[in-house]
Every structure is written in structure tokens, then in C-alpha cells.
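Q: Top line first, the protein sequences correspond to chains W and C.
For the first sequence, position 90 (counting from the first letter as 1) is numbered 90 according to the working numbering, and the numbering increases by one without interruption.
For the second sequence, position 257 (counting from the first letter as 1) is numbered 257 according to the working numbering, and the numbering increases by one without interruption.
Just to be clear, a hint being listed does not mean it is correct.
Claimed, not checked - Straight-line Cα separation of at most 25 Å, DSS-like style, residue types lysine-lysine; simulated pairs:
1) C/K188 x W/K440
2) W/K257 x W/K134
3) C/K41 x W/K438
4) W/K182 x W/K255
5) W/K266 x W/K255
6) W/K440 x W/K255
7) W/K266 x W/K182
8) C/K69 x W/K438
9) W/K266 x W/K67
10) C/K69 x W/K437
11) W/K257 x W/K358
12) C/K188 x W/K434
13) W/K254 x W/K182
14) C/K69 x C/K188
15) C/K42 x W/K437
16) W/K209 x C/K188
17) W/K266 x W/K278
18) W/K278 x W/K360
19) W/K437 x W/K360
20) W/K440 x C/K134
21) W/K434 x C/K134
22) W/K278 x W/K358
23) W/K255 x W/K437
24) W/K249 x W/K182
25) W/K254 x W/K358
26) W/K266 x W/K134
27) W/K254 x W/K360
Keep in mind the hints are simulated off the structure, nothing from the lab.
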Amino acid sequence: MSVPVFAVVGHPNKGKSSIVATLAYDDSVMIGSEPGTTIDCREYPMRVDGEVLYVLTDTPGFQRARKALAWMTERETNAAEHPDIVGQFVSEHRPLDDFPDECRLLQPLLDGAGVLYVVDGSVPYGPEYEAEMKILRWTGRPSMGLINPIGSAEFVESWRAALGQYFSVVRVFDAVHSDFQKRLDLLSAFGELQESWRAPLARAVEALKNDRSRKAEQSARYVADSLVDMLTLRIEEPHARFESESRAKENLLKKFKERLSRMERKARDRVEEVYEQKSAHRIETELPLLDHDLFSSETWKIFGLSRIQLTGLGAVGGGAIGGMVDIAAGGTSFLLGTVIGSATGVAASFAAQRSLSKVKILNQPIAGRRIVAEPVEHPNFPHVVFGRARLHHAVVSRRTHAQRDDMSIDEAAHSEISALAADRLRRLEVCFSKIRKKRKIGEATEDMIELIRDQFTDDTAAGGS
Amino acid sequence: MPSKLTVLIDLAGQLRQDESRPLSDLRDRDYRIGQSCAHLKKSPSRQLESWLMHVADLGDPSLGARCSKFQRISVVLLIVAGIVAGWLAARTVLSYDGSDPVNVVDVLAIFLGAQFLLLAGLVFTMLPPDLLQKIPGAEGLQDLLRSISPGNLRTLLFKWLPASVRSDAADLLSRGRYHHVVFGRVEKWGIIFSAQSFAAAFYAGALAGCLYLIVFSDLAFGWSTTLEADAEGIHQLTTVMSSPWAPLVPHAVPSLHLVRHSRHFRMEFGPPGPENPARDADPELLGEWWPFLVACMVFYGLLPRLLSYGVARWRYQAALHYGILHAPGVSDVFDRLNRSMVRTRADDSVGSRPGVSNEDCEFPDPVLASGQRHMFIRWAEAGQGADRFHDWALAHLGFTSGNVFSAGGSASIQEDEQTIESIATAEEGSAIFFVCSAWEPPVAECMDFLSSLSSRLADGRTIVILPLGRSGKDIAPPSPNNLSQWQHRVQQIGDPRLVVKRIEPEP
Numbered sequence: 001m002s003v004p005v006f007a008v009v010g011h012p013n014k015g016k017s018s019i020v021a022t023l024a025y026d027d028s029v030m031i032g033s034e035p036g037t038t039i040d041c042r043e044y045p046m047r048v049d050g051e052v053l054y055v056l057t058d059t060p061g062f063q064r065a066r067k068a069l070a071w072m073t074e075r076e077t078n079a080a081e082h083p084d085i086v087g088q089f090v091s092e093h094r095p096l097d098d099f100p101d102e103c104r105l106l107q108p109l110l111d112g113a114g115v116l117y118v119v120d121g122s123v124p125y126g127p128e129y130e131a132e133m134k135i136l137r138w139t140g141r142p143s144m145g146l147i148n149p150i151g152s153a154e155f156v157e158s159w160r161a162a163l164g165q166y167f168s169v170v171r172v173f174d175a176v177h178s179d180f181q182k183r184l185d186l187l188s189a190f191g192e193l194q195e196s197w198r199a200p201l202a203r204a205v206e207a208l209k210n211d212r213s214r215k216a217e218q219s220a221r222y223v224a225d226s227l228v229d230m231l232t233l234r235i236e237e238p239h240a241r242f243e244s245e246s247r248a249k250e251n252l253l254k255k256f257k258e259r260l261s262r263m264e265r266k267a268r269d270r271v272e273e274v275y276e277q278k279s280a281h282r283i284e285t286e287l288p289l290l291d292h293d294l295f296s297s298e299t300w301k302i303f304g305l306s307r308i309q310l311t312g313l314g315a316v317g318g319g320a321i322g323g324m325v326d327i328a329a330g331g332t333s334f335l336l337g338t339v340i341g342s343a344t345g346v347a348a349s350f351a352a353q354r355s356l357s358k359v360k361i362l363n364q365p366i367a368g369r370r371i372v373a374e375p376v377e378h379p380n381f382p383h384v385v386f387g388r389a390r391l392h393h394a395v396v397s398r399r400t401h402a403q404r405d406d407m408s409i410d411e412a413a414h415s416e417i418s419a420l421a422a423d424r425l426r427r428l429e430v431c432f433s434k435i436r437k438k439r440k441i442g443e444a445t446e447d448m449i450e451l452i453r454d455q456f457t458d459d460t461a462a463g464g465s
Numbered sequence: 001m002p003s004k005l006t007v008l009i010d011l012a013g014q015l016r017q018d019e020s021r022p023l024s025d026l027r028d029r030d031y032r033i034g035q036s037c038a039h040l041k042k043s044p045s046r047q048l049e050s051w052l053m054h055v056a057d058l059g060d061p062s063l064g065a066r067c068s069k070f071q072r073i074s075v076v077l078l079i080v081a082g083i084v085a086g087w088l089a090a091r092t093v094l095s096y097d098g099s100d101p102v103n104v105v106d107v108l109a110i111f112l113g114a115q116f117l118l119l120a121g122l123v124f125t126m127l128p129p130d131l132l133q134k135i136p137g138a139e140g141l142q143d144l145l146r147s148i149s150p151g152n153l154r155t156l157l158f159k160w161l162p163a164s165v166r167s168d169a170a171d172l173l174s175r176g177r178y179h180h181v182v183f184g185r186v187e188k189w190g191i192i193f194s195a196q197s198f199a200a201a202f203y204a205g206a207l208a209g210c211l212y213l214i215v216f217s218d219l220a221f222g223w224s225t226t227l228e229a230d231a232e233g234i235h236q237l238t239t240v241m242s243s244p245w246a247p248l249v250p251h252a253v254p255s256l257h258l259v260r261h262s263r264h265f266r267m268e269f270g271p272p273g274p275e276n277p278a279r280d281a282d283p284e285l286l287g288e289w290w291p292f293l294v295a296c297m298v299f300y301g302l303l304p305r306l307l308s309y310g311v312a313r314w315r316y317q318a319a320l321h322y323g324i325l326h327a328p329g330v331s332d333v334f335d336r337l338n339r340s341m342v343r344t345r346a347d348d349s350v351g352s353r354p355g356v357s358n359e360d361c362e363f364p365d366p367v368l369a370s371g372q373r374h375m376f377i378r379w380a381e382a383g384q385g386a387d388r389f390h391d392w393a394l395a396h397l398g399f400t401s402g403n404v405f406s407a408g409g410s411a412s413i414q415e416d417e418q419t420i421e422s423i424a425t426a427e428e429g430s431a432i433f434f435v436c437s438a439w440e441p442p443v444a445e446c447m448d449f450l451s452s453l454s455s456r457l458a459d460g461r462t463i464v465i466l467p468l469g470r471s472g473k474d475i476a477p478p479s480p481n482n483l484s485q486w487q488h489r490v491q492q493i494g495d496p497r498l499v500v501k502r503i504e505p506e507p
């Protein structure tokens with residue numbers, strides 16, 4: 001059985017390459033505002049374990065459609081011969097090179113590809129498109145009209161009416177802003193163009209869904225690993241007696257913060273690689289949220305928890321430990337453990353909110369004077385890191401490969417992320433608490449990966465709804 | 001086959017190298033390896049070892065191999081040290097100059113009493129962290145016990161390693177601290193394993209020393225205590241102690257006669273008699289304690305240590321195995337080896353050309369005298385209806401439109417040619433305005449038309465291309481991007497007769 005091939009054709013500069021970039025998850029597709037950016041056909045095979053399930057072919061746009069149609073019409077005898085005439089056109093004109101773009105874009109259709117005819121729904125319908133649509137109809141291939149509203153959707157309805165006369169299926173697909181589900185829906189619709197294409201397209205959709213879940217899990221793993229590293233980071237260095245203590249502390253704290261930022265950046269780079277968004281330029285210095293230093297007060301306010309929330313979580317953590325005392329005492333403590341634990345947790349939360357990392361000088365009998373930056377104890381810290389990671393992941397995972405602007409993470413993006421559910425927040429706090437205490441870190445990390453993966457999946461899905 | 005320690009260290013090194021490589025490269029590389037070792041899917045550790053053999057480029061010998069060698073050497077040195085220490089201890093405890101017999105109680109206290117204390121400490125050290133957390137102060141005590149363990153001698157030996165190996169290993173270990181769940185377990189059982197190697201060797205050395213003295217010298221044993229203890233009680237105790245080997249070696253169980261006649265008092269005054277039986281005992285009888293002592297050292301000294309050595313070795317190997325399968329980054333490797341590979345990207349990276357930057361070019365606006373009549377060509381029905389267009393041109397351009405022609409769009413190629421013919425033969429105004437929709441790209445067909453028109457004009461008339469934008473249903477100035485695509489395309493043609501004019505926004 002032959003592999004389904006879909007040729008993305010149309011007028012120049014109407015978003016053909018954008019559609020290909022989005023559906024092929026390929027940021028190497030050249031997309032330009034200048035017409036004629038695509039000068040040759042380029043194939044994007046979708047493979048699962050090496051097996052090709054379908055192929056998308058990006059093509060150059062029509063340049064001399066009326067002239068080509070005129071040539072074909074001159075040779076028309078009856079409708080049954082239309083595909084042959086198109087074939088004749090290509091074989092006669094390819095050596096002459098007078099219709100280079102038409103020959104290139106029609107060749108895949110003559111080889112059996114389906115037609116995906118792309119128009120821009122943000123500009124009015126024009127009579128110059130009719131010749132193109134007529135030629136495509138002459139090929140006799142299964143076809144679909146795709147309205148890609150580049151910007152506004154002002155003329156979508158008039159396009160729908162026009163395309164409906166030439167194509168049996170007409171769909172609207174915003175290549176730049178479509179979410180993952182819409183991309184899958186479109187692929188499923190391709191499968192409806194021809195009976196034999198349905199099964200491979202269904203398999204492709206399933207494989208892409210699995211791959212998507214895997215990406216969320218991989219990203220969750222990178223973020224969880226970075227959280228563990230950041231929460232347990234401790235730097236110890238020798239300290240010379242002649243060096244000023246305050247300066248040494250200041251330098252070490254600076255180094256400590258740099259290491260934390262580096263760990264965070266490393267996780268972000270990997271998440272972008274997971275979603276194959278490596279070429280997107282991440283803006284980290286100009287925009288108000290992610291650009292802010294991890295420790296700026298604004299970041300704490302936006303991503304962290306309020307003092308009241310922190311106090312509540314402190315009570316949860318302390319209470320849980322106290323509760324264990326109650327259980328161990330067989331209930332004879334009349335839940336005193338829980339009460340004391342809660343109170344301790346509250347006190348610890350307040351105390352820890354004051355500082356980020358304790359830097360101290362140690363005098364060790366053998367090792368000599370050492371300066372140490374202890375792991376961050378601030379209860380808000382992991383929540384800030386996680387909040388930032390969520391925002392970054394949401395932006396990366398929702399971004400299509402047709403988007404070529406800078407990847408900015410602004411307040412609008414932040415507002416798209418809902419607050420963490422109370423249950424997840426509590427479970428996350430338990431994980432953070434275990435990691436801080438270096439108890440069952442492996443187990444806590446696994447729990448955290450699961451939680452983060454679920455949250456990432458929800459965040460991405462929420463962006464599409 | 002490499003040892004587990006070699007695999008763990010080389011794995012950690014390889015995973016660290018991979019951190020700086022692009023994920024796409026790792027995906028391709030590991031997918032290929034995964035295909036070649038798909039039969040090992042059900043044996044993760046073997047699959048990982050196979051993966052490591054495929055990818056590792058860690059030098060020859062690798063850091064892992066060098067550390068393993070160091071580990072083996074350090075264990076051998078500890079064993080030698082244990083044998084020597086045991087031998088010396090036996091020589092000291094069993095030293096006999098013929099004056100006082102060797103006190104059996106001393107031998108038992110040193111070789112068995114201390115053993116019980118050390119074994120208790122060992123069991124405490126082996127307790128899992130989860131259990132320790134529930135016992136107040138237990139973690140501190142465990143740390144203390146671990147710090148005084150002879151297994152720490154490895155740390156001293158570590159300093160003898162070449163500087164490069166030491167620095168690489170320290171680097172990996174410091175990184176491992178973040179993942180101490182994995183590496184901490186290996187470290188703990190590594191120390192215990194080394195300590196048990198030493199301890200087992202100590203008892204082997206002590207036993208050897210003891211046998212040497214028994215064979216090559218005449219030893220006299222007695223028992224002595226300040227406490228009130230009668231021979232029957234001691235005999236009962238030795239009988240209980242001998243119960244593990246009594247059925248196998250019955251003569252290694254001290255008889256009541258031996259116990260009764262080997263009690264020794266250090267004070268030498270007083271006549272020999274029932275109060276000081278060792279004084280008149282047969283010297284041969286006093287030597288009969290040795291089978292019992294040797295059996296005690298074997299059953300209560302050497303065998304428990306061999307057992308603890310076995311357990312420590314088993315747990316150490318298990319920790320290494322756990323470390324290999326849970327090292328940071330390993331789950332990613334398994335994921336890449338075993339999951340389906342979905343690829344949607346193009347295989348090549350050619351076929352496109354970069355867009356032209358609009359920022360570097362400037363296009364001067366043509367200067368046209370107002371108040372004249374000019375011919376207009378509406379390409380693909382650009383602009384509004386012909387009547388309204390006439391009014392618009394006058395209002396916005398200051399020109400009166402003469403003849404307005406249509407070309408492109410729904411017009412046929414023949415109609416386009418007729419339009420060119422009509423314009424070429426007519427002489428109206430100093431310019432011909434070519435009106436087009438700015439948002440539509442200048443396709444080759446349009447450029448062919450302009451070139452053809454230009455070549456047919458015999459006079460000096462200019463063809464002014466006027467891309468129109470839109471604002472709702474009204475004509476508006478084109479967007480900079482749309483205007484620029486026309487300007488660039490016209491520039492590419494290089495015909496001086498063709499110029500692009502921008503409509504100025506209304507004041």
C-alpha cells in the first residue's frame with residue numbers, strides 16, 4: 001500500500017510553509033514575508049520507528065496560473081482527459097523552464113499526492129485564485145481547501161463559499177496559533193480524503209499523542225531534577241584568614257545564585273529541546289516575568305505563595321510529622337502531636353521567610369576555615385522555581401513551529417496558567433519537604449515527576465481550550 | 001566483563017558528557033543502539049551496559065576501570081592489613097613465657113567479646129535510613145560508627161591515586177552528592193564491604209597465628225577470674241558454647257575434669273591442692289584447651305565475619321546495581337532506547353532561501369506633477385469599482401484618471417495583451433498607473449505583464465506601480481511589509497521605467 005502524500009499548494013505567501021512547519025513540528029522550514037521563499041518542493045515524512053505513515057510536501061506557489069490554465073484549456077477535449085493534460089503540461093514545460101514553479105508543484109500531484117490548497121482568510125477573495133483552483137481540479141486528486149487566517153479571520157466566510165465550489169472538504173486552520181488537538185483533528189481529516197489513507201493517518205495521530213505525553217513526562221523529569229538540585233545545593237569553599245568575611249560571604253552568595261540560575265536555565269534549554277523549539281529565541285532580560293532575576297520581589301509575588309499560603313503549608317508539613325507521632329503513640333497523645341507539629345511548622349515558615357541561604361564560616365580542626373552556603377530554606381523558593389518552570393513549559397509546549405517571533409513570556413502568558421489545585425500544592429509541598437530534609441529523595445522525586453507531568457499536561461490542554 | 005563499579009562510574013561520566021549534547025543527537029544515537037540491543041529490553045542492566053559499550057569514549061582505561069582497580073587494590077591491602085593485625089593480636093594474646101598459663105578468659109574476651117560488640121555496631125550501621133529516622137539519635141550514632149570503620153582506610157589510600165584520576169573521581173562524587181540517594185547507598189555499602197574484608201582477614205590472621213603458636217610452641221592454658229565462679233558453672237558455659245561443633249568435633253568440648261584442673265590463681269604461695277588445682281595439673285592437660293579455643297575462633301569469630309563479609313558484598317553489589325539503574329539521566333536513556341521514535345521533520349535542510357531584509361533598502365518615492373490625466377490599469381480588479389476609483393484618484397493622488405483598463409484576475413491572457421496594445425498606442429499623460437492589491441504578492445504573471453508593457457512603450461512614460469492597502473471596505477495606504485514586497489520585486493527586475501509609489505495616509 002502506498003504511503004499517503006499531501007502536497008501543500010496555493011498562491012505564494014499564503015502560509016503554506018507555516019502549515020507545513022506546524023504539522024511537521026519543524027522549525028527549519030523557511031517562512032518569509034517575501035513571496036517565493038520556497039523555491040523547491042521539500043518533503044516532511046512522518047515516521048514511527050522508521051516506518052513512513054504519511055508525507056507532507058511543501059511546494060512553491062503558483063506564479064503563472066492563468067497562463068498555465070490557458071495552455072491546458074487549449075488542449076481540452078473532455079473532462080476525463082484533464083489529468084493527462086496536466087501531466088502533458090508538466091512534461092512539456094519542465095525542460096523549457098517557462099513554468100518552473102507550476103511544474104514543481106504539480107509533479108507531486110501527478111505522482112499521487114492529495115491536494116491541500118491553502119488560502120489566507122484575513123484578506124479578501126480575489127479572481128486570480130480561480131485559475132489555480134481550476135488547475136488543481138483538473139489533476140483529479142482528492143483535495144481539501146485550508147483557510148489559514150494570518151492575523152484576522154475577517155474573510156473566512158467568503159473564502160469558505162468560494163473554496164466550497166472547488167473542494168469537497170474545506171477547513172479553517174490557524175497555522176500559527178493552533179493547539180495540539182486541532183493539529184490532530186486536521187490530520188484525521190486528511191485521512192478522510194481517501195479510504196486507504198484513513199488507517200495510516202489514525203496510527204500517525206495515535207503516535208503523535210503518545211509522543212506528546214512522553215514530551216510532558218520528559219520535561220517534568222528535567223524540571224524535577226533541577227528542583228532537587230536547586231533545593232539541595234550547598235557550596236563549601238576554603239576561606240583564607242586574611243580575606244574579609246563579609247566580602248567572602250557576598251561572593252559566595254553571588255556564586256550560589258549564579259549556580260541556581262544556571263540549573264534553572266539548563267532545565268529550560270532541555271525542555272525547549274524536548275519540544276524541538278531550540279531555534280526560538282527566549283527573551284530573558286526585557287520582559288517583566290521570566291526576565292526578572294529569580295530572586296526579585298516581583299517574581300516572588302507572582303510565582304510564589306503569599307505569607308498566608310506559606311503559613312498554611314508550613315502547618316500542613318509540620319502537622320503531617322506531628323500526625324505520625326500521634327499514630328506511633330496509638331492515639332494516646334490525643335492529637336497533641338498534630339497541634340504541636342502545626343505550630344512548629346508555622347514558626348519555621350515565618351523564620352525561613354527572612355533569608356534565602358545561610359552563609360557561614362566554619363572552623364574545622366583538620367579542614368581549616370571553610371565558608372559554606374547552605375541550601376535555600378525559604379519555603380517559597382521551590383514554588384517560585386516551579387511556577388516559572390510551569391509558565392515556561394506552557395509557552396514552549398503551546399508554541400507552534402510556525403511562530404518565528406521571540407519566545408516571550410509575559411504577564412499575559414502568566415495569566416493563562418491557573419492556580420495550582422490545593423491538593424497538588426499540598427502533595428508538592430510534601431515532596432519539597434522530603435527533598436529538603438534529604439529523606440526518601442528518590443521517592444519524592446518520582447512523586448514530583450508524576451505531579452509535574454500531570455500539571456504540565458493540564459496547563460498545555462488549558463491553553464487550547 | 002566490567003565490574004559494576006566500573007559501569008557505574010563510567011555511566012555517570014557518560015551521562016555527564018551527554019548533558020552538553022543536543023537532545024536530537026542523543027535521540028538518534030540511542031534509538032539506533034536500542035534497535036541493535038532490543039533483545040535485552042527485559043534485562044535493563046545488561047541493556048545499559050550494552051549501551052555504554054556502544055557510546056562510551058572514556059579513554060583506555062576508563063575512569064571507572066581505574067577506580068575499580070583502585071578498589072580492588074584497596075581491598076587487597078585491607079585484607080593484608082587484617083591478616084597482619086590478626087596475626088599480631090594472636091601472638092600478643094597467646095604469648096606464654098612459661099610462668100603463667102594463657103588465660104582462656106582473656107582469649108575469649110578479646111576475640112569473641114569484642115566481636116559481639118563490633119557485630120552489634122555493624123548491624124546498627126546496616127539498618128535502613130527509614131528505620132533510623134524513627135529512632136532518636138540513631139543517625140548520629142550510625143555516622144559515628146561509620147566514621148570509625150576501618151573501611152575509611154580507603155579514603156587514605158585514595159590519596160595515593162594519580163592526581164588526574166583523583167580530580168575526575170572527586171568531580172563525579174561531588175556531583176553525586178546531589179543525588180546521594182543513589183550514590184550515598186553505594187558509599188555506605190562500599191565502606192561496610194571494605195570493613196568486613198578487613199575484619200574477616202583479621203580473624204583469618206588471628207586463627208593462623210593461633211594455630212602457628214599451638215603447632216610450633218607448647219602453650220599452657222588455664223582460666224582465672226576474681227569472681228566467684230565454680231568449675232561446674234564454667235563447664236556448663238563452655239558446654240553451651242561448644243554446642244554448635246560438639247556433634248562434629250566432640251574433643252573440642254572441654255571436659256569437667258579439664259575445667260576443674262585448669263583453674264589458675266596467680267598467687268604462688270600455699271600448698272598445691274584442691275584450692276589451686278592448676279599447680280599440680282598435668283601440663284599436657286592444660287594444653288587441651290586449644291581445640292575449644294580454635295573452634296570458638298572459627299565458629300564465633302571467622303564464620304560470622306565471613307557471613308557479614310558475604311552480606312556486605314551482596315548489599316554492595318545491590319547498591320551498585322541500584323545506582324546503575326537509578327543514576328540521574330538513566331531513565332532518559334531507557335526512554336530513548338526503548339520508546340518509539342516519532343519523526344516529523346524533513347530529512348534535508350535545503351530548498352529554502354532566506355527572505356530579503358527590508359530594513360537595509362530605501363526606495364525613493366517618484367515625484368509626479370499633479371493635475372494631469374493619466375491612464376490607470378487595475379490589476380486583478382484591485383481598488384473598488386471603476387467609478388469610485390476615479391473619484392478616489394483625484395482626491396488622494398491629485399490626478400484625473402483617464403482611461404481605466406483591467407488586466408489580470410479574471411481577464412484572459414488575450415485580454416491582457418489587448419490592454420498592453422491599447423496603452424502602448426494611446427498617448428495620455430506622462431505616467432501609467434498600475435493599481436494592484438498590496439496584500440497579494442507580485443507573482444511572475446504580474447511581472448511578465450509589466451515587463452511586456454514596458455517593452456512596448458516607445459515614449460518616455462513611467463509605469464507607476466501603486467499597491468493599495470485596505471481599511472475595512474475603503475482604500476488605505478499599504479502596510480510597510482506589503483509595500484516592501486512590491487518594491488523588492490520591482491527592484492529585482494531592474495527596469496528604470498518601473499517605479500513603486502506609496503499612497504500617503506490621510507492627514
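Q: Against the earlier hints, flag every one the structure doesn't satisfy and list their numbers going up.
A: 2, 3, 4, 6, 7, 8, 9, 10, 13, 15, 16, 18, 22, 24, 26
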